[in-house]
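Q: Sequence:
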Amino acid sequence: MTKHIQPDRLAKLTSIREKGALPYPARTPGDPVPTAKLLASLEEQTGETFFVAGRLGQIRDFGKLRFSHLTDRSGSIQIGFERDRLPEFWPDRKLVEANDIVGVKGELGTTKKGEPTLWATEVTLLTKALRPAPEKWHGLTDVETRYRMRYVDLFANEDVRRQFITRSRIIREIRAFFDELGYIEVETPVLHSIPGGATARPFITKHNALDMDLYLRIAPELYLKRLLVGGLERVYEIGRVFRNEGISTRHNPEFTMLESYEAFADYKTVMDRVEGIFSRVCANVIGSHEIRFRGNTYDLTPPFPKKRYCELFAEHNDGVDFFDESRVRERAKQLGVHNPELTYEKIANDVFEATVEPHLDGPVFVIDYPKAICPFAKASDDDPRIAERFELFVAGMELGNAFSELNDPIDQEQRLEAQVADKDDETPSEVDYDYVTALEYGMPPAGGLGIGIDRLTMLMTGTDSIRDVLLFPLLRKLQQGEEIATDGAPDTDDAASNGTDEAQ
RNA sequence: GGGGGCGUAGCUCAGUGGUAGAGCAGCGGCCUUUUAAGCCGUAGGUCGAUGGUUCGAAUCCAUCCGCCCUCACCA
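Heads up: the first sequence begins at 46 in this note's numbering, then just goes up one per residue.
Hints are computed from structural coordinates only; laboratory data are not their basis. Do not take every clue at face value.
[Claimed, not checked] With a straight-line Cα cutoff of 30 angstroms, these simulated DSS-like cross-link-like pairs (lysine-lysine) come out:
hint, residue 1, residue 2
1, K64, K150
2, K181, K157
3, K158, K139
4, K391, K352
5, K150, K139
6, K109, K158
7, K139, K181
8, K150, K251
9, K378, K391
10, K313, K251
11, K139, K82
12, K158, K181
13, K522, K181
14, K150, K109
15, K251, K522
16, K313, K391
17, K181, K150
In this text the structure is predicted, and so the values were computed from the model without any measurement.
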């Protein structure tokens with residue numbers, strides 16, 4: 046690693062030490078003021094002395110005067126280094142350079158052209174950077190390097206920093222929304238001995254002492270509903286789930302899921318909750334209910350339109366009824382999505398996905414799904430073939446999934462057993478009988494919700510790729526000893542095989 | 001897995017068979033109001049890797065590695 050460091054920076058490091066200064070001091074000499082505070086009331090504060098700390102940008106050198114910007118978490122401000130104000134620092138000024146982290150004490154003012162500037166009277170090196178910053182004008186643009194070295198991306202690209210601050214604010218608003226409704230936030234196990242609550246291939250890991258296989262959770266659902274049995278009544282969890290599938294602009298193998306469960310509510314209540322979340326995030330984070338995503342504008346003002354699954358199915362399939370098995374199979378063959386391994390309802394759902402989903406620009410709640418494809422949803426009291434379930438679509442992307450939770454233990458046991466009997470290799474291989482036992486003790490009627498936080502953030506921030514809302518998206522491992530291009534090591538190369546597809 | 005694109009200096013990129021280039025960053029100078037500062041000078045390379053074709057390969061061919069886009073798969 047260190048062999049690729051810029052030799053001139055190492056030389057400066059040595060120089061600093063030889064002069065008895067510390068290139069990595071343990072303490073910051075003062076409590077830094079956010080630079081944004083200096084700019085916020087510049088006129089009233091002109092002439093006052095402040096201490097700021099952050100990373101130095103490009104240095105513009107005029108011999109006896111130099112300028113640079115100092116960036117901290119709140120923004121950045123120009124620093125003016127004048128020879129006559131810095132008698133002690135001046136001879137060693139070149140040991141402090143772009144990308145170093147410094148503390149600066151100085152007097153607030155402006156330049157002749159009115160640029161707010163902190164005129165330095167004391168400069169303290171806080172951290173010597175041994176690698177240079179990316180080029181000043183184009184910055185760091187290589188996508189692979191940006192993902193692999195997000196730490197560089199973050200300080201080099203302000204909009205990237207802002208993006209992740211926005212993500213954090215979205216999550217904070219969601220928490221506040223549920224907290225105000227009396228929900229409690231809980232944490233359930235990530236390591237599951239039986240993966241369940243969704244249809245997906247799990248990651249397998251091993252517990253050594255117990256000598257048993259464990260699975261990284263594909264959903265927290267079944268544990269959260271156990272809490273309803275326990276009487277917690279309103280719970281939510283925002284946490285990582287893991288699905289052992291491919292990678293794309295909409296899929297990362299680990300992603301963040303919000304799940305909430307509310308006793309004595311049903312899927313209609315949950316629709317209100319979803320609208321409440323969207324409304325709140327739009328108002329408090331985005332500042333608008335109109336968002337731009339992939340070239341289109343979407344109005345997220347509630348209420349969102351509701352469309353029945355079976356009606357949409359007929360509408361986009363020449364009036365074919367979802368439950369008309371022979372005609373649906375025919376249609377599936379015609380579309381080339383007829384997989385005889387699957388159950389009839391799954392084939393029909395594939396037809397739905399092929400014909401209806403592309404048209405779901407939204408926002409739209411697709412409601413009342415066929416019960417057969419909803420193993421955890423309660424059937425409608427009016428039509429036993431229909432489950433009280435909805436999914437929220439915006440921009441053709443599924444953002445949320447919710448239902449009136451099935452709490453009939455006998456029905457649930459039968460459905461889980463049917464799932465295991467299914468040939469589909471994505472379905473669970475084992476029934477979680479403890480979950481059934483929990484239901485036998487009585488779970489209150491409840492409405493449950495799942496929302497993909499990453500996709501929600503994509504939508505809200507107009508981001509095309511899920512990798513741009515994940516700080517560290519999954520990438521292939523580099524070979525040992527291999528470094529990323531940015532420090533002169535041999536580029537690329539590696540072990541491992543090819544990745545593909547999905548998740549979430 | 002299929003198709004397409006890309007990989008050259010720390011960064012951003014030119015270079016399509018004949019001595020590896022530019023801008024920025026770096027280094028040495030000049031400069032007290034710049035903000036992509038300017039000017040003069042200087043240094044910097046396993047052209048992703050391996051093999052092949054050729055008198056000669058960054059360039060043509062093959063294989064491999066990595067990233068992006070897209071389709072497929074999949075919430």
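Q: Going through the numbered hints above, which ones does this structure break? Give me the numbers in ascending order.
A: 8, 10
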